[in-house]
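S.K.: What follows is each chain in one-letter form.
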Amino acid sequence: MYQFNWRPVFDNFGLLAKGLALGLGIALLALAIGCVIGLAAAFCRVHGPRWARFVAAAYVELVRNIPLLLIIYFVYFGLPLLGVSLFDNIWSFILALAVYAGAYLAEVFRAGIEAVGKGQIEAARALGLTRLRVARRVTIPLMFRIALPALGNTFVSLFKDTSVASAIAVPELTYGAIRINVNTWRVIEVYLVVGALYLATCYAIVALLRQTERRLRGIH
Amino acid sequence: MIDLVVASAPLIGRGLLVTLGVSLAVLVLGSLVGLAGGLCLLYGSRALQWGVRIYVDALRGIPHLVLIFAIFYGFPALGLQLSAIAAGIVALSLFCGAHVAEVVRGAVASIPRGQADAAAAIGLAFRDRLRHVILPQAVGRFLPAWVNTAVEIVKSSSLVSLVSVVDLTMATQQIVGRTREALLFYGVAALLYFAINFSLSLMGRQLERRYSHG
Chain S
31 MYQFNWRPVF DNFGLLAKGL ALGLGIALLA LAIGCVIGLA AAFCRVHGPR WARFVAAAYV
91 ELVRNIPLLL IIYFVYFGLP LLGVSLFDNI WSFILALAVY AGAYLAEVFR AGIEAVGKGQ
151 IEAARALGLT RLRVARRVTI PLMFRIALPA LGNTFVSLFK DTSVASAIAV PELTYGAIRI
211 NVNTWRVIEV YLVVGALYLA TCYAIVALLR QTERRLRGIH
Chain G
757 MIDLVVASAP LIGRGLLVTL GVSLAVLVLG SLVGLAGGLC LLYGSRALQW GVRIYVDALR
817 GIPHLVLIFA IFYGFPALGL QLSAIAAGIV ALSLFCGAHV AEVVRGAVAS IPRGQADAAA
877 AIGLAFRDRL RHVILPQAVG RFLPAWVNTA VEIVKSSSLV SLVSVVDLTM ATQQIVGRTR
937 EALLFYGVAA LLYFAINFSL SLMGRQLERR YSHG
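Top line first, the protein sequences correspond to chains S and G.
In terms of this note's numbering, the first sequence opens at residue 31 and continues consecutively.
In terms of this note's numbering, the second sequence opens at residue 757 and continues consecutively.
Worth flagging that the hints you see were computed from the coordinates, not collected in a lab.
For clarity, every value in this text was computed on a predicted model and none was experimentally measured.
Beta carbons are placed, not taken as given, at the ideal position from N, Cα and C, and that holds for glycine.
Any given hint could be a false lead.
A few chain G positions that, by computed beta-carbon distances, are all more than 12 Å from chain S [stated by the list, open to error]:
no., residue
1, R770
2, L823
3, A826
4, A833
5, G870
6, S914
7, G933
8, A945
Which bits of chain G does chain S cover? Going by a derived footprint, with three or more residues having C-beta under 8 Å, they are [to be verified]:
no., region
9, 783-793
10, 809-822
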């Protein structure tokens with residue numbers, strides 16, 4: 031019978047808590063940068079000239095079909111070999127995750143842009159707004175409201191993806207688990223706690239998002 | 757450059773085979789688990805529905821890598837020896853099963869109730885209703901989502917490299933470390949993953965078209 035010993039986990043709980051916070055921060059930053067990339071790619075795909083459409087489509091299709099880990103390795107190990115040594119491990123990971131997220135968000139935003147009513151755009155144009163202003167004042171705000179649930183889901187999966195950052199020694203939650211295991215070898219206890227932490231955080235985020243959605247819907 | 761690629765081809769080839777093998781094993785195991793799980797969610801007793809619901813929802817909140825580590829390092833602590841590749845396959849199959857269960861449930865739930873009622877009215881037994889009426893119609897809705905799951909699994913299979921399985925990702929890492937040709941070999945790996953997943957997607961689209969006509 032396995033003898034549980036929770037002490038090593040709770041003695042090192044600070045490591046896990048810090049890791050969890052770092053993971054959330056990284057996911058949030060990657061989401062923000064990914065939104066910028068995704069928005070650009072979505073507009074290119076819907077309104078861009080032919081070459082921009084092609085580039086955006088190629089980016090989306092390529093990135094969505096290759097593993098995140100490969101992108102991480104390329105940014106962290108590959109770029110320095112090519113003479114680009116700008117990023118430490120944390121920023122390499124954030125960049126990789128943002129590029130990865132951008133491809134998924136591009137599709138989310140594209141669907142959002144296409145769901146914005148033609149009449150709304152025509153009305154704004156008829157009022158004399160320039161194309162750029164229409165995009166900024168009409169399309170994007172309406173699109174974000176449509177895209178909000180998908181945006182939330184993307185955040186949750188990005189947060190889960192931060193566990194892969196342990197591959198390049200980013201001290202997030204999974205890396206915290208590895209560290210504690212190396213020192214104490216209480217594998218079962220550590221992963222039970224870490225799994226529960228991920229699970230609870232994911233569901234807390236989802237609950238928070240649902241509430242925000244409800245409140246936003248209440249306004250209109 | 758060409759002789760570099762030629763020299764590395766055997767390692768890349770072996771890695772590719774491992775990636776394909778792991779993905780295939782996970783898809784077969786996971787789909788079986790998922791089919792059973794989905795039918796439990798739809799037709800199981802209340803206790804069974806609850807059990808499967810907890811399994812599906814719990815796995816949705818845990819990163820794939822954490823479960824791979826937990827099984828790879830945890831099982832030996834419980835006295836069960838499991839190779840790295842087996843640990844990876846078990847962990848990813850559990851995720852695949854949870855996904856597929858939800859996909860199966862969604863596909864069957866999307867078939868109008870009248871179909872099942874009509875099949876019952878003409879006297880078909882439960883099993884025949886399922887086999888001849890419900891499942892053939894659900895397949896069209898099931899396949900696109902299943903193909904998405906398959907693409908995710910091929911991508912997640914790269915995580916087994918982190919428990920030291922030499923799959924395509926690990927093979928690429930080793931070759932880049934040795935040759936320092938980052939662009940070339942990460943590019944090759946990216947293209948190979950892309951080729952696998954893109955053909956999966958194309959196949960899915962074709963199947964979808966075939967089944968969308970009933």
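S.K.: All hints are to be evaluated individually against the structure, with a verdict given for each.
M.R.: Hints, verified against the model:
no. : hint    : verdict
1   : R770    : holds (17 Å)
2   : L823    : violated (8 Å)
3   : A826    : violated (4 Å)
4   : A833    : violated (5 Å)
5   : G870    : holds (30 Å)
6   : S914    : violated (4 Å)
7   : G933    : violated (8 Å)
8   : A945    : violated (6 Å)
9   : 783-793 : violated (count 0)
10  : 809-822 : holds (count 8)
Comparing the model with each earlier hint shows violations of hints 2, 3, 4, 6, 7, 8 and 9; every other hint is respected.
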